[in-house]
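Novice: Could you put the whole structure together from the sequences, leaning on the hints where they help?
Residue numbers (our numbering), protein chains in the order written: chain A, 1 to 610; chain B, 1 to 610.
Rather than coming from a laboratory, the hints here were simulated on the basis of the structure.
The structure displayed is predicted, hence computed values, not measured ones.
Any given hint might turn out to be false.
Copies of one chain are not kept apart here, so a pair can be met inside one copy or by any two copies together.
As the list claims (entries may be wrong) - Pairs of lysine-lysine, PhoX-like flavour, derived with a Cα cap of 25 Å:
#1 LYS500 x LYS594
#2 LYS500 x LYS475
#3 LYS340 x LYS517
#4 LYS594 x LYS485
#5 LYS340 x LYS328
#6 LYS380 x LYS144
#7 LYS180 x LYS340
#8 LYS340 x LYS226
#9 LYS380 x LYS466
Protein chains: 2
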Amino acid sequence: MSYKYAYNTRDVKFILKEWLPLDEVLAYDRYKDYWSKDDVDTVVDQVRQIAEEVIAPTAEDGETFGVRYENGQAYIPPSFHKVYHFLQEQGWGTSNYGHQTEGALPLMIINMLVEIMSAANPAFMPYLNTGQGVVDIIQDYASKEVQERFLPKLLDGTWGGTMSITEPTTGSDAGDLLSKAIPTDVPGIYNIVGQKIFITCGDRDDVENIIHMYLARVQGAASGTKGLSLFVVPKYWVNDDGSLSPNDVQCIGVEHKMGLKGSSTAQLVVGENKGCRGFIVGNIPDETGAGQGMAQMFNMMNEARLDTGRLSTAVTANAYWNAKDYGKERVQGRLLTNPKAGRVTINQHEDVKRMYMMSKSTTEACRALLAKCYYYSDVKAYDPDPARRKWARSKLDVLTPLCKAYPSDEGWTLIGESLQSYGGYGYCEDYPAANSARDVKIWSIWEGTNYIQSMDLIGRKWTQAKGEHFASMLKEVEDFIAAQKGNWEGWELEIEHLEKALQAYRGIMMTAMGFMKSGNAGLIGLYARRILTATAQLYCGYLLLDQAVIASRCAQELGEDHYDYMYYYGKTLSARYYLRSIVPNVWYTADLIKIADRTAIDAPVEVFDF
Amino acid sequence: MSYKYAYNTRDVKFILKEWLPLDEVLAYDRYKDYWSKDDVDTVVDQVRQIAEEVIAPTAEDGETFGVRYENGQAYIPPSFHKVYHFLQEQGWGTSNYGHQTEGALPLMIINMLVEIMSAANPAFMPYLNTGQGVVDIIQDYASKEVQERFLPKLLDGTWGGTMSITEPTTGSDAGDLLSKAIPTDVPGIYNIVGQKIFITCGDRDDVENIIHMYLARVQGAASGTKGLSLFVVPKYWVNDDGSLSPNDVQCIGVEHKMGLKGSSTAQLVVGENKGCRGFIVGNIPDETGAGQGMAQMFNMMNEARLDTGRLSTAVTANAYWNAKDYGKERVQGRLLTNPKAGRVTINQHEDVKRMYMMSKSTTEACRALLAKCYYYSDVKAYDPDPARRKWARSKLDVLTPLCKAYPSDEGWTLIGESLQSYGGYGYCEDYPAANSARDVKIWSIWEGTNYIQSMDLIGRKWTQAKGEHFASMLKEVEDFIAAQKGNWEGWELEIEHLEKALQAYRGIMMTAMGFMKSGNAGLIGLYARRILTATAQLYCGYLLLDQAVIASRCAQELGEDHYDYMYYYGKTLSARYYLRSIVPNVWYTADLIKIADRTAIDAPVEVFDF
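Specialist: Right, dumping it as structure tokens:
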């Protein structure tokens with residue numbers, strides 16, 4: 001058994017009960033009669049148990065069975081079927097995203113629960129989660145007819161969903177996609193022709209139907225992303241009596257991946273026999289040829305970007321916790337500082353503790369970042385005050401690229417370190433680290449590569465609303481510094497570092513603006529990924545300190561003998577380590593980009609032949 | 001076919017013919033009648049062709065066949081057998097390491113050729129190379145009888161060899177191993193009892209016998225590494241008439257690894273039936289119980305450490321060259337700086353060029369570092385002047401931990417980036433990047449983890465010969481700066497950076513010494529791996545600039561229209577990029593370790609449960 005579940009949920013409970021303003025969200029009409037803060041422990045514990053006892057045992061099937069393709073059908077591991085329907089039936093799945101669902105869990109809570117589940121079998125999770133975005137889009141933008149036809153069976157999990165964007169010739173540049181939509185005699189219904197690749201859950205045999213949110217261009221619409229529209233393209237056409245007929249959506253193969261082997265990544269050919277129909281979502285292209293597809297899709301994509309960061313965080317944290325469990329048992333070597341004490345378990349060695357601490361502090365940082373976004377998701381969706389909904393949306397806009405890219409970039413490094421801490425066993429598939437390493441690499445690529453995220457941050461989010469959204473994020477950090485500086489004994493160095501990082505970050509923005517003004521836009525592309533990392537480190541440094549304000553007080557109040565002391569004390573250490581050993585990268589980045597090294601971009605491509 | 005060979009050998013030729021003093025080595029008695037500089041192109045081209053046409057086609061078998069274990073025997077891919085014997089017969093194998101071999105290739109040359117071969121099928125290479133260290137030890141330390149019995153068939157490849165150190169309970173701390181040697185009635189022959197794990201090529205079916213260099217403790221010898229002796233333990237006992245009999249060496253299994261699947265990693269049990277004998281190498285333990293095993297083994301281990309760095313470099317370079325080949329074909333997106341020019345191949349995008357340039361400059365840096373060591377290996381082994389042999393040995397001592405750790409640490413990051421540059425295809429096993437990523441991770445672990453290398457650097461190499469050896473390495477850098485400063489037009493910034501890095505590095509040493517003096521030894525362990533990286537970056541910055549002195553002159557002299565211009569020009573870009581975008585990490589490291597963040601080491605291990 002290579003995959004092992006080692007998740008600890010204490011930090012999730014802290015976030016929901018002690019850090020974020022869950023009460024504010026629980027007061028919304030949608031939730032107030034159903035949920036209270038006291039329910040958090042119960043649902044977290046329940047899902048933790050399900051994750052360990054129901055989901056985790058299927059992980060190995062993902063590796064051994066994989067996804068099989070035969071005669072136009074993708075077959076997923078049989079054990080996944082049972083778990084999928086169990087979770088949907090028990091209310092841990094898509095139903096929580098229905099606007100009309102009675103007793104749905106707050107987004108803040110269900111999304112943290114999904115993290116706990118994700119670590120148990122990351123290859124399985126997309127089967128459970130891809131329906132959510134489809135539900136959101138249909139609820140928000142589709143006609144009543146489409147809603148009635150598709151929502152109920154999506155919400156109860158009878159049908160699955162996908163986001164179908166990428167084509168053989170277009171990945172990052174969706175605006176160049178070739179899929180076409182040709183109007184039929186029925187208004188709102190189009191014939192769809194095209195090919196899609198890398199479609200997560202694009203085919204599977206555990207649901208009766210698959211509802212593709214399919215990006216295509218209506219004949220004659222504008223070129224580029226502007227002209228794209230979104231279509232509801234079911235694998236099987238849903239007749240008026242509810243029966244299903246083939247809809248000329250063919251799965252022509254699945255990818256053989258380095259990891260996430262149990263997750264179906266399908267190649268689709270639609271309308272090859274001129275038999276594929278889809279419902280347009282929202283309006284048809286206007287007189288300028290502009291469709292609404294890209295804007296609609298972005299809603300779904302933004303959620304998928306948070307999902308990606310969450311999967312990365314969950315798998316990285318699980319890899320770290322497995323590593324530290326191994327480190328408790330494995331005896332090897334002597335301590336540098338006390339060699340005479342004899343051999344010790346490896347979890348006591350300096351370099352091993354460094355590896356653990358890197359993972360601990362960074363995964364907590366990522367979890368905090370994501371959780372904050374899930375809080376904003378609730379505010380955005382259900383706060384009665386439109387101004388507050390708009391505010392939450394602006395926060396989400398700014399943070400989403402960080403949520404997607406930072407955890408998935410760090411995951412590769414951190415799981416590499418967790419693997420390293422095992423010694424040779426880390427490289428053996430009988431231990432869980434190798435599996436996690438193979439799994440995590442996709443997340444820096446899918447849902448918009450991390451470069452795309454970086455350019456979204458710099459090109460779009462820095463300047464959105466004349467820069468106000470981003471400035472408000474920096475203001476949060478600034479206000480925190482102002483509030484704590486001189487008032488928080490023992491944390492002077494950490495606050496000083498955060499302040500230095502904030503100043504340095506403003507320097508990064510100045511330098512980058514300078515590049516633009518001096519016609520050096522290429523340098524922005526060159527340094528974009530470093531800048532995104534620095535952005536995440538600055539903001540996460542603030543989040544971890546914000547948590548440490550609470551944790552340090554609790555640790556002090558409870559005292560060392562309290563059963564919860566080590567959690568709170570550990571939280572303060574995460575914040576200290578992050579501020580002292582990770583955040584300095586922000587000012588390093590500021591210095592580095594000032595060098596404005598054009599070597600890589602000025603290089604003729606021919607030099608790379610050598 | 002997932003594994004692809006995309007190697008370019010121009011840099012190898014530059015190193016041998018234009019950069020390092022090959023003439024000096026070719027003048028040695030061992031070589032002078034056999035080899036001249038003019039042979040370099042011929043042998044490099046020949047081996048490049050063999051790598052592509054003979055070795056690379058077997059790589060896929062490593063992945064699909066793997067290594068199978070049945071009834072006490074490990075079976076390697078059948079196609080590997082043929083290649084192994086072909087290379088040995090053609091003189092590209094172990095014979096080059098025989099002191100008596102007529103016409104052996106200079107170590108500088110054969111070792112660079114092995115890099116070219118390694119990239120073609122890294123899982124195969126240990127079968128070819130592990131015999132070399134065994135030959136060296138037997139030649140240098142074993143009795144004439146042992147030499148006569150074992151050397152001929154090791155040298156012609158009829159038999160293979162291993163380095164057998166690790167045991168189930170001891171990896172990094174070899175001094176605690178449990179294998180025992182009990183004297184027999186025959187002087188020099190011992191009964192051996194013990195278990196070994198992670199033995200590369202520990203069992204295989206392509207050779208008639210396997211000669212294990214087996215580390216064990218003679219009964220009654222001292223504890224720790226001091227008491228260890230080295231034994232020649234053949235899988236089959238070699239009788240006086242040359243016939244073979246079982247020697248109670250059992251292979252009880254092979255590991256199932258994340259990558260390098262075609263490479264045999266065996267678990268051995270020896271002497272379980274009291275039937276295993278081995279020859280002690282060198283002297284029996286002296287009156288203080290001190291054996292010679294560890295010192296002897298270090299010779300072999302140092303070579304294996306260079307091999308490890310070379311494998312990492314080869315696989316990383318091959319992954320990068322595959323990526324840039326893909327980038328020439330794949331059309332996607334528009335240029336930031338010229339969006340109106342329409343869609344372009346991805347090798348023109350800023351972020352993609354950055355990924356290529358990181359890999360190009362870093363693999364060239366690693367190749368330069370290794371090549372310098374292969375030059376020192378020749379001087380150490382064959383220079384007539386004992387003082388010069390000693391000098392070369394001191395250089396090798398200092399550089400070996402860098403050679404092992406730096407390429408293998410960077411490989412994980414760089415191959416991750418090469419994989420990233422493909423987009424989703426990078427994650428699919430039909431493309432070569434995933435395979436390389438899975439392969440490279442082991443090299444930061446085996447032959448002494450990279451932490452062990454870091455502590456070797458700081459704890460041993462910094463202070464060896466009262467610090468003279470290390471100081472002499474820094475002096476090389478200093479002398480280069482002194483010679484070039486103010487004399488090399490257009491390279492002022494690069495020289496300035498190298499000088500700043502050298503100063504910063506001296507600061508790192510001061511800070512670390514300060515840790516020791518203030519009883520903060522733990523902080524050395526904590527920052528050791530960062531310090532090793534900074535050391536490699538400083539020294540490699542110098543090496544790349546040293547190469548650029550030649551390359552910039554050649555580029556200028558030849559002019560842009562010359563077929564070789566892009567190679568030389570590219571070399572100058574590698575140096576510039578490395579000095580401007582990578583070497584700054586040296587001064588960042590200097591600043592960072594001054595923070596002296598003890599958080600990770602002071603953390604009670606209990607905090608990692610959360």
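Novice: If a hint holds in the structure, say so; if it does not, say that too.
Specialist: Going down the list of hints, with the structure as the test:
1. LYS500 x LYS594: Intra 17 Å, inter 16 Å, cutoff 25 Å: intra and inter.
2. LYS500 x LYS475: within (14 Å within a copy, 35 Å between copies)
3. LYS340 x LYS517: Classified as between: cross-chain Cα gap 19 Å, same-chain 62 Å, threshold 25 Å.
4. LYS594 x LYS485: Between copies, since 23 Å is at most 25 Å while 29 Å is not.
5. LYS340 x LYS328: within (20 Å within a copy, 58 Å between copies)
6. LYS380 x LYS144: within (23 Å within a copy, 83 Å between copies)
7. LYS180 x LYS340: Answer is between; shortest inter-copy Cα gap is 24 Å, intra-copy 74 Å.
8. LYS340 x LYS226: between (70 Å within a copy, 16 Å between copies)
9. LYS380 x LYS466: Classified as within; 21 Å inside a copy, 66 Å across copies.
Going down the numbered hints, you'll see the structure goes against none, and every one checks out.
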